[in-house]
Amino acid sequence: MGGTDALLAARLTAGDDHALAEVFDRFGAAVYGAAAYVVGAGGGAQDVVQDVFVELWSHPHRYDPDAGSLRGYLMLLARHRAVDAIRSELRRIARQERHYRLTIDEGPPSPGEQVLSADLASEVRAAIQRLPAAQRQVVELAYFEGMTCREAASAVGIPEGTVKSRLRLALAKLEAVLDRQLLEAP
Amino acid sequence: MTAAQPAVPPDLRARVLDASRRARAAGEPVPEVPAISPAEAFSRAADALYRTLSALESAAWSRPAIRDLDVQGLVGHLTGVEDDVRRCLAGDPAVSLAGHVESTQAAAARQAGRDPAQTLAEWRDAVSRTLALVAARGHDGLDGLDTCVALHGMQLPLRALLVVRAFELWVHENDIRLAAGLPLAVPGPSVLSLMTRLAASLLPGAAVRAGVPGPGRLHLVLTGPGGGTWDLEWDPEWDPETASAARPGPAEVSIVADAVGFCRLVSDRMTPAELAPYITGDRDQAAGVLTAAATLALDLPEFAAAG
Chain G
1 MGGTDALLAA
11 RLTAGDDHAL
21 AEVFDRFGAA
31 VYGAAAYVVG
41 AGGGAQDVVQ
51 DVFVELWSHP
61 HRYDPDAGSL
71 RGYLMLLARH
81 RAVDAIRSEL
91 RRIARQERHY
101 RLTIDEGPPS
111 PGEQVLSADL
121 ASEVRAAIQR
131 LPAAQRQVVE
141 LAYFEGMTCR
151 EAASAVGIPE
161 GTVKSRLRLA
171 LAKLEAVLDR
181 QLLEAP
Chain H
187 MTAAQPAVPP
197 DLRARVLDAS
207 RRARAAGEPV
217 PEVPAISPAE
227 AFSRAADALY
237 RTLSALESAA
247 WSRPAIRDLD
257 VQGLVGHLTG
267 VEDDVRRCLA
277 GDPAVSLAGH
287 VESTQAAAAR
297 QAGRDPAQTL
307 AEWRDAVSRT
317 LALVAARGHD
327 GLDGLDTCVA
337 LHGMQLPLRA
347 LLVVRAFELW
357 VHENDIRLAA
367 GLPLAVPGPS
377 VLSLMTRLAA
387 SLLPGAAVRA
397 GVPGPGRLHL
407 VLTGPGGGTW
417 DLEWDPEWDP
427 ETASAARPGP
437 AEVSIVADAV
447 GFCRLVSDRM
457 TPAELAPYIT
467 GDRDQAAGVL
477 TAAATLALDL
487 PEFAAAG
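Chains as they are written, first to last, in the working numbering: chain G, 1 to 186; chain H, 187 to 493.
For the record, the hints were derived by calculation from the structure and aren't laboratory data.
A quick note: this is a predicted structure, and the numbers were derived from the prediction, not measured.
The reader is advised that the hints may include incorrect statements.
Claimed, not checked - Just the calculated beta-carbon pair ranges, DEER-fashion:
hint : chain 1 : residue 1 : chain 2 : residue 2 : range
1    : H       : Asp301    : G       : Pro65     : 31 to 39 Å
2    : G       : Ala67     : H       : Gln191    : 22 to 30 Å
3    : H       : Thr466    : G       : Glu140    : 43 to 51 Å
4    : H       : Asp417    : G       : Arg71     : 47 to 55 Å
5    : G       : Gly161    : H       : Asp204    : 44 to 52 Å
6    : H       : Asp417    : G       : Gln129    : 53 to 61 Å
7    : H       : Ala221    : G       : Glu140    : 51 to 59 Å
8    : G       : Ala6      : H       : Leu370    : 53 to 61 Å
9    : H       : Glu214    : G       : Pro159    : 46 to 54 Å
Glycine residues also receive a C-beta, built at the ideal position from the N, C-alpha and C atoms.
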């Protein structure tokens with residue numbers, strides 16, 4: 001009885017921190033493995049694991065035992081959080097890339113950033129090249145030139161709302177590419 | 187994944203648990219239950235019982251309920267309790283040590299042969315008068331609900347007495363529902379939350395009185411709306427004169443149970459076996475605690491002796 005996912009969920013909801021420790025002991029390694037698979041072993045994966053367990057502890061009622069196993073829920077959460085972390089990192093790299101262009105005398109990016117740039121940013125850049133020209137243009141202006149939507153609208157000569165809708169469409173396609181790249185198990 | 191999982195960094199567990207507890211304190215149930223006053227809990231329990239009684243078929247009023255009382259007699263008993271509560275609030279010392287059953291026997295007996303509607307109206311009126319007195323106390327800046335009152339052998343703050351009374355009304359509502367063949371009622375989360383808090387707070391004392399070996403530490407988890415988590419300790423040999431002396435560390439036992447079921451246990455309407463809790467730690471000690479919980483009998487008669 002005590003080991004069932006439903007009881008663990010009920011205990012978490014009741015504020016039982018012993019249950020949280022039990023969940024970590026049972027699934028922590030798997031969650032860390034799922035995170036490390038996407039972002040690589042290290043600090044990033046630890047951050048993801050922390051996010052996953054804080055989410056579970058803060059909102060245990062979001063897990064529905066009738067909908068699936070707790071392990072499956074945590075693994076899904078880990079993959080989503082890991083992909084979010086990658087997306088965030090890509091945006092950071094894009095901002096930094098623009099910064100390097102403007103300040104070419106500054107030192108090169110760190111080895112970690114270079115790896116991410118080589119492996120993941122290249123995937124994104126390839127996906128950007130496959131976007132329709134109109135969407136590619138606003139993505140480049142917004143993410144690589146660092147323009148606001150209003151600035152991009154002015155540069156292209158289209159309404160700001162059009163820039164936003166093109167960005168939304170483009171990001172949805174890019175995220176789909178990321179999901180395929182990062183979520184498909186080998 | 188087919189590849190071997192990377193080793194979990196050794197300090198990750200502590201880091202994750204610390205971050206989680208910072209995000210949400212241990213012991214606090216979620217989602218948060220709307221807080222209500224003890225008077226409101228009593229009022230809601232009375233309303234629930236009134237609805238049940240109002241819907242009873244006339245034949246149900248004469249069915250056996252508890253002890254030697256039929257449903258109508260039980261409602262008369264509750265009218266008698268309200269009478270004693272009002273005397274208690276008025277400072278009448280005669281009710282402080284009066285027996286819960288004996289003192290209300292006359293009110294129960296006088297219902298025989300009456301129209302159930304008259305019995306119901308009398309009880310409802312008695313509840314209304316209790317609530318009016320409590321409201322007056324609540325507005326009294328000096329006394330308020332923290333005033334210690336004495337009733338039927340209990341000495342406790344008025345706010346605790348009101349929760350005990352809510353407990354009693356809920357328990358007897360279910361006695362009546364059982365007699366009438368109706369499904370059991372469950373209090374709303376706000377009322378249940380006050381009831382579980384009260385029951386948890388009384389548990390260490392019950393463990394000591396029941397002779398459960400100590401020192402002991404109980405991690406009590408009551409699941410479901412109105413539940414919560416408590417870390418409780420008891421020590422039968424605790425002595426303020428020797429409190430600093432070395433004592434063996436308390437053994438910990440963990441009990442996880444349904445909140446409503448636990449309230450039925452402490453009101454002596456369910457056995458520990460029927461509750462079927464999830465236990466870790468010393469099972470004998472857990473069994474002792476659960477037996478002690480049942481002695482609380484928060485439907486009042488036995489609680490009078492315990493309190």
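Against the structure, the hints:
1. For Asp301/H and Pro65/G, the hinted distance range of 31 to 39 Å is not satisfied, since their beta carbons lie about 50 Å from each other.
2. For Ala67/G and Gln191/H, the hinted distance range of 22 to 30 Å is satisfied, since their beta carbons lie about 25 Å from each other.
3. One distance hint, 43 to 51 Å for the beta-carbon pair Thr466/H and Glu140/G, is violated here, with the actual separation near 59 Å.
4. Taking the beta carbon of each, Asp417/H and Arg71/G are about 28 Å apart, not inside 47 to 55 Å as hinted.
5. For Gly161/G and Asp204/H, the hinted distance range of 44 to 52 Å is satisfied, since their beta carbons lie about 45 Å from each other.
6. With their beta carbons about 59 Å apart, Asp417/H and Gln129/G fall inside the hinted range of 53 to 61 Å.
7. Distance hint check: the CB atoms of Ala221/H and Glu140/G are about 54 Å apart, consistent with the given range 51 to 59 Å.
8. At about 22 Å, the beta-carbon gap between Ala6/G and Leu370/H misses the expected band of 53 to 61 Å.
9. Separated by about 49 Å at the C-beta atoms, Glu214/H and Pro159/G satisfy the suggested range of 46 to 54 Å.
Comparing the model with each numbered hint stated earlier shows that hints 1, 3, 4, 8 do not hold.
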